[in-house]
Structure formats: structure tokens, C-alpha cells
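Assemble the dimeric complex from its two separately framed chains, guided by the hints.
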Amino acid sequence: MTGIYVHIPYCVRKCAYCDFCSVPRDDTMGAYPAALSREIELSRDRLPYEGPVPSIFFGGGTPTVLSAEALSGVLDTIRRTYDLLPEAEISIECNPGMADFQKLKRLREAGFNRLSLGLQATENSLLQSIGRIHTFEQFLSTYQAAREAGFHNINVDLMHGLPGQTQQMYLKSLETVCDLEPEHISAYALILEEGTPLYEQVQMGRTILPDEDAVADMEDAGMAYLTWRGFERYEVSNFAKPGYACRHNLSYWDHAPYLGFGVAAHSSAKGKGEWLRWSNTESIPSYIKKLQKDKLPRQETLHIDKKEEAFEVVMLGLRKVAGIPKNAFIDRFGLTMEQAFPEAYVEIQCHGWWADTDTHYRLTPKGMDYLNTALCYFR
Amino acid sequence: MDQSHIRNFCIIAHIDHGKSTLADRMMELTDTVAKRDMEAQLLDSMDIERERGITIKASAVRMFYTAEDGQQYMFNLIDTPGHVDFTYEVSRALKACEGAVLVVDATQGIEAQTLANVYLAIDNDLEVLPVINKVDLPSAEPERVVQEIEDVIGLPAEDAPRVSAKTGLHVEEVLARIVDQVPPPSGDETAPTKALIFDCLYDNYKGALSYVRVFDGCIKPGMRIKSMATGHEFDVTEVGVFTPQWKTVDALSAGEVGYVAASIKSVEETKVGDTLTDVDNPAKEPLPGYMKVNPMVYCGIYPADGSHYGDLMEALDKLKLNDASLSYEKETSAALGYGFRCGFLGLLHMEIITERLEREFDLDLVTTSPSVVYRVKLMSGETVVIDNPANLPDPSEIEYMEEPMVQASIMTPPDYVGPIMELCQNNRGIFEHMDYIEKDRVKILYTLPLNEIIYDFFDSLKSRSKGYASFDYELKEYQKSDLVRLDFLLNGDMCDALSTIVHKDRAYPKGRAVCEKLKDVIPRQQFEIPVQAAIGGKIIARETVKAVRKDVLAKCYGGDISRKKKLLEKQKEGKKRMRQVGTVAVPSDAFMSVLRING
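Chains as they are written, first to last, in the working numbering: chain A, 8 to 386; chain B, 47 to 645.
Treat the hints as calculated values from the structure; they're not laboratory data.
Certain hints may be false.
To be verified - When the alpha-carbon atoms are kept at most 20 Å apart in a straight line, the in silico SDA-like pairs for lysine to any residue are as follows: (1) A:373 to B:598; (2) B:596 to A:241; (3) B:622 to A:383; (4) B:621 to B:631.
Just chain B, same shape as in the assembly (with noise of 0.2 Å):
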């Protein structure tokens, strides 16, 4: 198909505002998925993403609309996450678009999250259509909602379709809006191939796939391609295209998205955001990079059974082709043995990857505090940067420590504005400013320590606004702060992964607050267990897990021996699951249920 007659787009919107739900729509309407065929919300294929209601990855789907020219158009659907935590996914998916529907609920209006994906667009130079969606909802407000757009990201919305997905309501009109105003691709079929490498995802059966957008010339199969990062070579041996479901196809030309496979046989052989080229005719320059993604968050993962080790790395292997945004290496606990120190965009993409390596890779892991990354300067003058609390230096060695700071900014109705300044008060923010946008909105901006939020601070924000408030944030620069490094120990012996940085004003009620919840969670065992919070040798809190009395069946008899026996065994398969730490064995979910605890 010609260039003209192809349209790649994105749909921008907020959790919740009827993204997936108007591609759905779309889908039928084109008749890419029969309707009785349409399983709720296709394009959110992970489990975790059904269940969550968020996109996490970026999928895309082919579909053939007919205009009312009769002229049969070719549109790339490229679905993206509505997460602050992803922006890097976002800025792939738009990389491969010329255009993006916007999607703002009737009832709602628009959102922090998605002003920010809004603005990635237009920096991308993408044409941003205004949707209007949940028009049939009693509370829609449309004519107020446009007014915002227009007000507030300076898009003309006036003529903005009023929809609504669910019911199929004006559906039809978005899809002329796209051939309309979405520019055709404009590259050259005739020049050096060019791919943009948008995501990647590893199938068991056919390897790892690389989803691309050709910007020139064509890839098909047998070709030899070169990734121009790596200077790897590659035989492509099939593409295809989605619709959803893979479908091979016999080549995949300029202005086309699709997928390549081709006999890569590492997972670090492709790299997201890297152009592929012809080995024969390969192109001079590689397509303008992508944003380099730096994590905010680490923490360390262990298989909460040690032996799982080589399948905890085989997984996280097979994850980061399919994330790029994560990143690990191999770690070493006292407490958890061998392990892996992960980077992420920030704690929900922790809690996904964690969530997604337990479920598809049916692995039980422990996680450890999470940090973020600290600039420590020495009294020789040497700066280092820490990820683990475990590695900062001795304190006699540090002359100053700084901690990331954050622009937060938080939408609200009004009525909630007083507990949120408390809770940014409380996680030592500094207020900068607040704004009507309008009558029931307000936007505050904070500047605050990362290390506050990435504990519960979305959590204790939702539940502090009836879940209304929005919360978005960028990293802003490094500050000097009072940092101290917070170590527990188990009847004296140091733990060394449940160490965590924090400011010297919340090193006691968090102290406090942890010891307080192991003393909970360990279980009693032969001799008394003194938990201790320390900062630098100084016992600073102090509980006591009481010695066990008994342990012991009161009763077996004749018919009990049985199951009195498999008692014995569950027994003894929790001590399996125990990780020992001095003297004291520790169940491994005793290190999770103190992760969000944030004094």
C-alpha cells in the first residue's frame, strides 16, 4: 500500500478514560476482530493489565478502514502506557506515530499523567486529535472539558468528537478524523532501509521479536539486517504485522509497522530504540536516538528459595527484552544469598516486574528495600554514586551525602488540598505553588526527596483524596541532605537487606515502625530475639520477639499419626522457606511486609 494511504497513531489517555475500550471499538468497526470474537479490552493482553485496568506495554494492532471517499486506508494502532512510572515506553510507542488521539473523559477532564503524555506528543511533532469519551455518563460535562483542552494545553477542541466507547457513540467520526488529520508517513521506499526498533517481546516459539517502524526502504525475509547500536547481523526470517494476533506478511515498506523475527540468538543482541539498517545498502545514519532512560528506584530480588537462582536470572533475562526500562545485575546478600540488584522507572514498574516474574515465571521471590540512587561526596574528594545502602561508605569516610529531588505535581478537587500539603509536609516537601486551573481543580506543585515517595506516597495520596487526586513527577536535580544509613540487626547480628537510607528526622519513627512489624512477623524461636533499628552501631529502637515455650502436638494418637505427619512436614517446608540471618531464621515475606513501611 502506498504511503498515502497509511496512518500511524497512538491514543493518549488517563487510566481509566476509555482507551482501551474506544480501540476495541475501532477494532470492530474496521472489522479486524469479529464482534463475537471481542474478548473486553484486546490490546491489554498481560494478565496484570486486565486486572490492573493500565496498559503497561506497548502493543499494536493493523486494521483496514474504509473512508467515505471509498478509498481503503491502512491504519497502525499503537497502544501505549498511561503511567507516570512509563514514560520511556510512551515516548517509544510515539516515536513510531505521526499522530495521536487524545482521550479525556467527559466526566473527569484531563489529568496530570496525561498533560505530560500530551506534551511528549507535541515534542515529538505528533498531530494531537482531541477525543471527547463517556458522553453518555449522567455527570459528562463535554462543553466543560473542551474548554479545558483548550485552556489548559492550548489545543483547539471545539469540534472534538463527543463519544462514547462503550456504547460505539461517534466512533465512526474519529476514524475519518484520523485519515483527515494524521499525516501519511513520509519516508523513502527507494532509500537505505531504516527500522525503528519500538519494543521488543521474546515468544518461546519464534525467539525474540522486534516490533518496528520502517521509515525507509523495506525489510523482508532473507534479508541480512545490522543493528547499527551493536553492529550485530541478523537473517530475517519472517515479519509480519498484528491483528492482533501475529500475521506473517511478505515484507514490511516504508511508513508500515510490524514485527521482525530474524535469528537473534541473544537477548542482548536487540536493543530498544535502535535502528536496523541492510547489510547490503545500509544507511548512514542511524535514526535519531531515543530518550536514555536512567532508573529512579532499585531494590535487590532473591528467590525466596536460594536454589531458584539460574531461573530468576533466565527470566529476568527473557523480562528485559521485552522492557527495556529494566535493568540488573547480580548481587550477594549475607541474609538472601545470591540475587539480583534491579534498577526501575519507578515503584509501580517494580511492583509489575516483581508481579510479572512471580506469575509467568511462577517464581516466589524477596525483594528488599527499595532506594534510590545517592551522590555521596568523600573527604578525598572523590564522588560516588550509591544504588545500595549496603555499599555506602563507612560514615568517617563521607564529608557530604545528596538525594534526588522531585517537581511533583499533584491535581485535586479542592476539598482535599489540606491533607495532601500535610502528606508532602510530612515526606519533607517543599511547597512551591498552587493553581485554580479551574473551579474544582487545583494544581500543586512540591518539590520533594524521591526516597519519600517511592515507599507509599501514591497510596497514603489516594486514600488521603477519595482516590481523586493525580500525581506526576519528574526528577529534578540532586540536594545535600542529612542522610544516615538505617541497619537492623537480629539478636546482634546485622541484616544486611533490610539496611535503607534515610533522612536523619525519619530514621526513628521508621526505626521504630519497622522493628515494631518484625517483631510481628518473625516467628517466636528457642531463645528470646532482641530486634534493634541502629545508625551507625547506636541501637536507636529496640523489640523483643519472645522465646517460643512449646512446640510440641498435645495429643497423637492411633488414628493421628498420619496426618500429625504431614503437619511435621508443613512445618518443616516453612523452615525451607526461611532465610537465616545470625541465629534467627527469617521467613522471606518478612522482608517484604517491611518494605512500605515509611516511619
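The following block holds chain A by itself, in its conformation from the complex (with noise of 0.2 Å):
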């Protein structure tokens, strides 16, 4: 089983806080969706892919800046070129006000089940310290209007430790949008990633953000509350209603291969021997140039050996609630963790982190607070 990532790199405005891969929509966004299923095509016979293919994830940027036709044509060259599962789960992001009722409707029609939208806070002044460019508003129509469209798999991103945002705000926004019933919730807590606006800003202490303590006590407070509303949390940042865990990104955290499509995308899968991982280039006109030659626009590959391989199970599994299953991890390494990293294993159990069952390897939730510590230990 491999997952499938697009990624579309383009946005109305970059928000203050990200440090993915998005561009301004420009001239090249005509030309990219043709390179997108150009590269999907030459991948077939030149990547490593084992069948089927049991998630999508259009990913950005914002993928809806591009028309819901060129969306639905790169879904239906994935769907001519890889063997696709029928009950395949097929995300794609969506910012609030980017879609109306039709658009979302010839989504939904083209094959589209789970859409993602991107809130991050219910107040439209945090919306706006952030360089949000929606309101709150525009979510809630666009949220009915996905529901019209026939989305019954539907995420919303939300975020704490924003700029002046209090305990009270965090769970009034988590209240306000559980109420509206999504199946899925992300809640994130803010990264100030160096080189972003919004990072320059806190440096000259023009923004202020909430201390680290406020931080992990609205953490605290939404995850107690979010079970309250009947959310399972499954991954550090991730809750949903039972069922509704999004498969494609449980792949990345169960370290099954994945082939990443569009430029800055980043793949991952078995090579011949050892594990890959490979990213395309970052720039769009070489991206397209590349294909219009018909040749792959890869950047850099990366050869994981088994022991860093092994690091990686355990830093991606160890994200899970569930944890990393306990046959899968010996079958893969033929060792126990205790047998793989003795050390960090008395380490962890030392601490008390371990909440092992007859089954899986996983941690405390106080484990979880402190994944990093006990990451370092593997290393």
C-alpha cells in the first residue's frame, strides 16, 4: 500500500506564521496542474510504488486556489495511472471563503471525501494578528456549504498559543466549532518557525506571544475538553470522532510509503535495499520546465539505513495514541524495541513513560508531553 501527497504551492497571501512551500498565485498556476499529471504519469514505472492506493492528499498552500477542474482532472490521472482502493480516502485542503457550494459540489463529485478546512481561531481579530485573510464568517458558510456539497468527512484546523489569545478564547473557539459537529479536529499549537513574519515581529517584541506555561495549559484544557465532546485524541495534535481518524496521515505516522507529487513534495518508500526518502525541487519554473522534458523534478534523495530507519518508527509511531504495534515493529527489524535500543528503553521506563500493551509500544500521555526527551534518548 502506498499514499499519494500533491502538493499545490499556491496562496492568496502567505499567513504570518507558515514556513511551508506557498507562493502568491502567478502565471505559472496555469501550466501546473498539466506538470502535476505529467509527473504522475512518469512516475509509475519509475518510482518504487506497491500497490494499492488507499489515501489522497491534496495538500498546500491552498489547493482550491486552483479551479475545481484542474483539481478533479490530477485526481483522475491518479486514478487512470496507480490502483486506487475503492473506499480510498481522498482529502484536500480548503481555506474558508476559497470555495463556494458549487465548487465544492464538482469536488465532492470528482471523487473528494474528506475535506480540511484551515480556521485556526473562531476571533476574527486573532484571525487577522496571524495574516488570516478570512473571517469567521466565511468559514461558517463555506463549512455549510461543504456539508451541502456532500462532505460527510469533514477537519477543522484550529490553533492556540496565538498573539493575546487567552485559556478562555482557546476553548470558546474549540466550543463554538465543536458545536458544528466535524468529524475531525487538528489542534495545533503555534510553532514560531525562524525566517516567518510573524517571527521577526516577536523578536522586536512587537507581538506577544501567550508564555509557555499558558501554552500547555490551553493544550491541556482543549484536550480535556475535545473528549469531552465525544473526540478521540489519536496523534499529539489530532482528534477525532470514532472512525474518522484520517488514514492518509496515520500512514506517514505508521512509516508506510508514500509518493509526494508537486513541487517541494517529499516522498518516502522502500528502494531496492534500504529505505528512501527523496524530495522534487522548490522551485516552480524548474518543476514544469523538468516535465515539459519529461524528466523527474527530483531534488535530493536521502538513503535511511535500518538503524535510522528504525529511529524513524519509533519518532513518527510513538506520536500515536495506539502507539507502534508490536508484530509490525519486530517483523520489520526482527528485534524488540528492548533488543533495538536498550538503552532508551530503560531510559523511558525509568522515567515511567511507558504504557506498553500485550500489542503495541506506546507512552503516557505525560510521555507524549515530553516525546522529545524521550526521542533524544534514541538517538
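Structure below.
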């Protein structure tokens, strides 16, 4: 099984905290979908692929800056080229105000069955402070339109630790969103990334972020609230109603193979012998140019040896509340966790952070709070 | 060249008064260095010297000057450091000379540190030639400065050359004066060889080099020489002079200055101040000994990464050859592991050594709180000397303690007298005397405990006087004092590297300040960490480093994985640079950040 990720790098405007690969809409947008389709076709025989495809994810950027036709076209190319599971999860990210009922309906009809809406906060003042271009009201109408268009699996992204945000405000955001009854909520702590406008503002003292403890309080209070509202935490920052965990994202944390298409997209799959990670060029013009010449736009390839692969399995797998299936780990590496990482295993035991079951290696909630500390023992 | 045509001299000047620039002009005028090869301030060859605009190491250069009478003279210019910490280096350089050019800035006048060096020169029977520099500046007052030289030093200065080292104005006249006024050396070329080592240097290719002034006889390759202090014997492999690059010559004879390379294996075998003589025809008496230097300030130096202990030892061995005033011995600390207890002439000296260790040897260091040398009278009647707070006996065994006092002399424009006196008062200073040297220069004398000035006294003085005040000190005497050892505890465990001996009245503010600083620099860990200051087990100040609540990446998806791995790598690297104090991980820089805090 191999997942597929498609990157659409365009945005109306880049948010103040964003350090993903995204650019303003420009005249490369016309040629981009065709280049994507070309890449998908060329890849079929040139990249390691083990079918079928259980999930597809269109992310960005803002995928919905492209027309429904362009997006459907790319999805069709995938269908034609790769063998999809009939019940495959096909997600697309959308920003509020970027798609009306008609567009959403066309996307739904084309086969997209999961919508991820980047709301981030319900207060318009907060949205403005982090450079979002939409309002809460726009979100509401997009959300309702999506429901009407037949999306029965919707995720809403929310953030905490925003400038000027209090715990009360955050809980209110969660309440407002829970009342809409989405199937999935991603609740992220803001990561202040170097090089972003927000980082500069904070460095200059023009923006003040809530302190570490306040953010931790918001996170803990939010987790409890979501539990109360019937959401299950299944990953560090992800919550879902039973049966609605995002299969595509889970495949990342399961360290399953995936192919990434589009500019700056990353892929991960088993090569001949060792595991490989590779990424595409970050330049849109050179991405398009290469594909016009029928060349794959690969920029860099990393060879992951067995030890590194085991570390990755741990680093990603322990993000899941359910943890890492013991059988899968032993099948993959021929060793138990205790054998593969004896020192780390004991260190974490000393901290009291293991919450292993018969079938899974997993961390306690406390252990998950200190995941980075825990992971350092595995290095 | 016969000795009557040799002139050995040095230049004495305050920092920034233009010594190095004057030396550069002299080298140009004598065609020692072609103008196009002239790199500003050639003598200051160390990076740190150029950056800080100061001379740390004595350096020497040979020039040939053709005087007006058509005769050629050999000049050996020996450069000297200008800072108070380096009196010993100056004294060595002076020993090798017959004359000293005193450079005084026409816009500034004489500074306290210059005075100290002038007196040192006069004590060494050197002919002192005053030169007024920077006369090209609009604010120059050469006549006032001439008057000052005559009043303060008592040197006739009326006909002192008025020069601009920057433009080259009247520099030629300085050269002529050197021929006329500096006496030639008067050694005996036929007598048994006596050569004084005034500096040492370690060269990666030539090994240990001794910079010498030959007084009697000569030194040439093939000779077997002997150190009169240690008795070690060496075969001379090469002798040479400074042009200012090293240049080999056939021999160095009486009156000359140059370097000697010999089969010196260990850095311990050559000592600055030592006399070299001929094994086959040895001198009876060595040259008069040098002033013995005693370190005034001690601190522990440790590698930031414990595995670099060997590298640190090797680096210190090499620096020691370069800097005779540095002393060190092995030491261990519970917090920092293996390192060295090092003795320095002063705080600037300490800074320069640590900086040189880091730059020239590519080491990453942790230094502990500086300490002076205390005398402790025990109940048993015995007196012990303590330069490391960790070794202080239990208070119950101590009858009393004594600390070193210094006589500090501060020169300042009158406007800053108030703030400066306040600073001295705050540092337990005892006012001695104040003198208006002239209408806009005041000399203030204070008795100050040395342990108060080793932290940030000099910086505070500069900032309170907008940089105008200068400061000089000499060790005076030991005085009984009410001293205590201030300890710091992290989560209940004492951190020996932070312990410091302070006056009782200063203990609380210092303890508070250090706790506050530690609270900021110790990263939050998974548990709450009390940070405490204590005297003899009694807690006098406390701060708390709160427990970290979350240490997890909020997001990690497909494209992030390689990047997030790098982040973890960085976090792991950071951990390696942490020192474990009991249960608490302390970053290496945390030790440094509390060094300069003085309550």
C-alpha cells in the first residue's frame, strides 16, 4: 500500500507563521496542473510503488486556488495511473472563503471525500493578527456549503498559543467548532518558525505570544474539552470522532510508503534494499520545465539505513496514542524495541513513560508531553 | 656591526596613543618594510591585538637607519604591552633595551598606566625620550602636554619632537634622537656568553624559540648552550632576527637582539628571564633576575566538552611558552570534571588567555568564578593560602581570613569624580587622596579589595566616566576581612564551580543576582529546580526554575520528517554541552554568564 500526496503551492497570501512551500498565485498556475499530471504518469514506472493506494491528500499552499476542473483532472490522472482502493480516503485542504457550493459540489463529485478546513481561530481579531485573510463568518458559510455539497468527513484546523489568545478564548473556539459537529479536529500549538514574519515581530517585541505555561494550559484544557465532546485524541495534535481518524496522516506516523507529487513534495518508500526519502525541486519554473522535458523533478535523495529507519519508526509511531504495533516492529527489524534500543528503553522506563500493552509500544500522556526528550534517548 | 652603531629601544605609550602607528612609520622610513606591504600596525600580529587595539605580547623588529652623518645604525625596536595587567611583560622588554621612546597623545596627556611604565623604565636605567604625538589633530595641545610631562614625570620635554605618526610628520626627527640620545650597548664581545631570554614563542615548525638580548659574547648555530636557571643544555640550530619576519643570521653578538632556536624539547626547559650561556666557556654569574610575578587572579578553566581535556592541556603548555605570566595546575570539579586551575595577572589577562585558547586552539571553554588569593589563619595556628573557594576550610576551623588590598590610582576629568567615588565606595573602597594634577585632570587614590575589582570594576569605571577614566593598581597588603564562602545549590546539590568567596556584606546582593541569572540561563527541565544561594548551609536567596510542561513538536507530517530529525539532532547536541550538577543539566555557558555578576 502506498499513499499519495499532491502539493499545490499557491496561496492568496502567505500567513505570518507559515514556513511551508507556498507562493502567491502567479502565471505558472496555468501550467502547473498539467505538470502535476505529467509527473504522476512518469512516476508510475520510475518510482518504487507497491499498490494499491489507500489514501490521497491534496495539500498546500491552498489547493482550492486551482479550479475544480484542474483539481479533478489531477485526481483523474492518479486514478488512471495507480490502482486506488474503492473506499480510498481522498482529502483536500481548503481555506474558508476559497470555495463556494458549486466548486465544493464539483470536487465532491470528482471523488474528493474528505475536506480539511483551515480555520485556526474563531475570533476575527486573532485571525487578523496571524495574517489569515478570512473571517469566521466566511468559514461558517464554507463549512455549511461543504455539508450541503455532500462532504461527510470534515476536519477543522485550530491553533492555540496565538498572540493575545487566552485559555478562555481558545476553549470558546473549540466549543463553537464542536457545535458544528465536524468529524475531525486538528489542534496545533503555534510553532514559531525562524524566518517567518511572525518570528520577526516577536523578536522585535512588537508581538507578544502567551508564555510556555499558558500554552501548555491551553493545550491540556483543550484536550480535556475535546474528550468531553466525544473526540478521541489519536495523535499529539489530532482528534477524531470514532472511525474518522485521518488515514492518510496515520500512514505517515505508521512509516508507510507514500509518493509526493508537486513542487517541494516529499516521498518516502522502500528502494532496492534500503529505505529512501526524496524531495522535489522547490522552484516552480524548474519543476514545470523539467516535466515538459519528461524528466522527474527530483532534488535530493536520502538513503535511510536500517538503524535510521528504526529511529524514524519510533519517532513517528510514538506520536500516535495507540503507539507502535509490536508485531509490525518485530517483523520489520527482527528485534524487539528493548533489543533495538536497550538504553532508550530503560531510560524511558525510569521516567515511567512507557504504557505498553500486549500488542503495542506506547507512551503515557506524560511521556507524549516530553516526546522530544524521550526521542533524544533513541539517538 | 660594532656596538657603537646599535640602538636597542622600546616604545612606551598608553593604549591608543599611537605606539604601533609610530612603529609602522619607523619601519617605513628605514625601508624595513616596503610601503606597499605595510599592513596597518604590523607589530600587533595577533588577531586579538588588532581587534582590541592593544599589544599583549612583546614583539621585536630590527631596522637599519642611515643617519645624517652618513653612518648606518642598527635599531632594535622592542614593542611593549600597555595594559596594567602586563607589567611583567613590559619589565622583560625593558631589560633588553637602553632607551625608551615615550609617546604621549597631544590631545590626551599622560595616563596613569603610562606613568607606571615610565617609572619602570627609569628604574631600569633607560634613557627616556618623550615624543608628542597626534599634533595634526585640531584638539592637540602639545604645549600643555609638554608642561605635564615636565611636571608629572620631571623629564625635560621642551624640545621633544612634535609628531604625527599618522601622517609621518617629524618621525624622522625621532630616529635622529634615538641615535643621539639612546646609549649604545656596552657588552664585552670576548667575555663568556650571556644572553637574556625576554620572550618565548612556540612555532609549529621551529619548535620553542627564545627571544634574546645578547649582553656579552655571542650565540651562533652549532654552539652548545646552557640555561643558567635550569641547567638544561641545548644545541643551537638557528639564530635570527626580526625584519619583522624571522630571518636567519650567522650569529647574534653582544648588544644584539634576536631569536635562538635550539633543540628544546619540552616547553618547561626554557624560562623567561633566564640567562643562556656557552657550555664550553660558561659565564660565572647570570644576568640580574627578573621580577618574579605572582598571579593575582585565579580561575578554573575546563573544556566545554569533557573529552577535550587533553587538547586543553596541550594548548596551555604552548601558551605558557608564549606567556610566562600564566600559571596552571590540574584541578577537578564535581560539576565540570577535569580541568585546570589557572593564575593570571589580572582580569584582562584572564580574558585574553581564554580568548586565545578558544581562537588559536579552537577550544570551547568553561571558566569558573575568578578568585584572588586569600590567607586563612586556622584555629590550629597554621596559616593556609587559598586560591580556590572549594578548598576553604570549614568555618569552624578558621580563626580569621585576610584578603589582598590594592592601591588603585584613577585619573579622570573632574566631571566624573562623583560617580567614580561612588563606584569605589560601593566596592568597599577606602578613600586615600585626591589631587588636581592640572585643571582638567584629577588623580584619585583609593585602597580597594582586589576581589572587588576582578569582576566588572574596570567596565563600570569606563561606563561611569564615558571612557575617560584610566585605572592602575598595585598590590598593597593583606588585610583582615569578614569573608564568607557563598555556595550555590541546584535542586539541593551544591555546584562547586559556582562557589565564590565574598565579603559578608556583599553576599546577599551577589547571591540574589546570581540566582536570578541562573534562573534565566538554566533551561526548564521535567521537574521544578530550586536555585539557592547559601552560606555555610544557610539559604540566603532562592529562585525557582519551573518545570517544563511540554517538549513535543506540535506538527510532524510527511514533508517535515527530515527537518524534524535535524531539530532533534540539535536538541541532542545541546544536551552534550550540558554539565550534570546532581540531577540538573546546566549548559556550559551558564557558568560563564554568572562570572561577571558582582552583586
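- Query: Has the given pair, residue 373 (chain A) with residue 598 (chain B), been kept, meaning a C-alpha gap of at most 20 Å?
  - Reply: 11 Å, holds
- Message: So if I understand the rule, the pair passes when the alpha-carbon distance is 20 Å or less; does residue 622 (chain B) with residue 383 (chain A) pass?
- Response: Given that 20 Å is the threshold and the Cα spacing comes to 11 Å, the pair holds.
- Query: residue 621 (chain B) and residue 631 (chain B): Cα distance at most 20 Å?
  - Reply: 8 Å, holds
- CA of residue 596 (chain B) to CA of residue 241 (chain A), is that 20 Å or under? Holds: residue 596 (chain B) and residue 241 (chain A) sit about 17 Å apart, inside 20 Å.
In summary, this structure violates none of the numbered hints.
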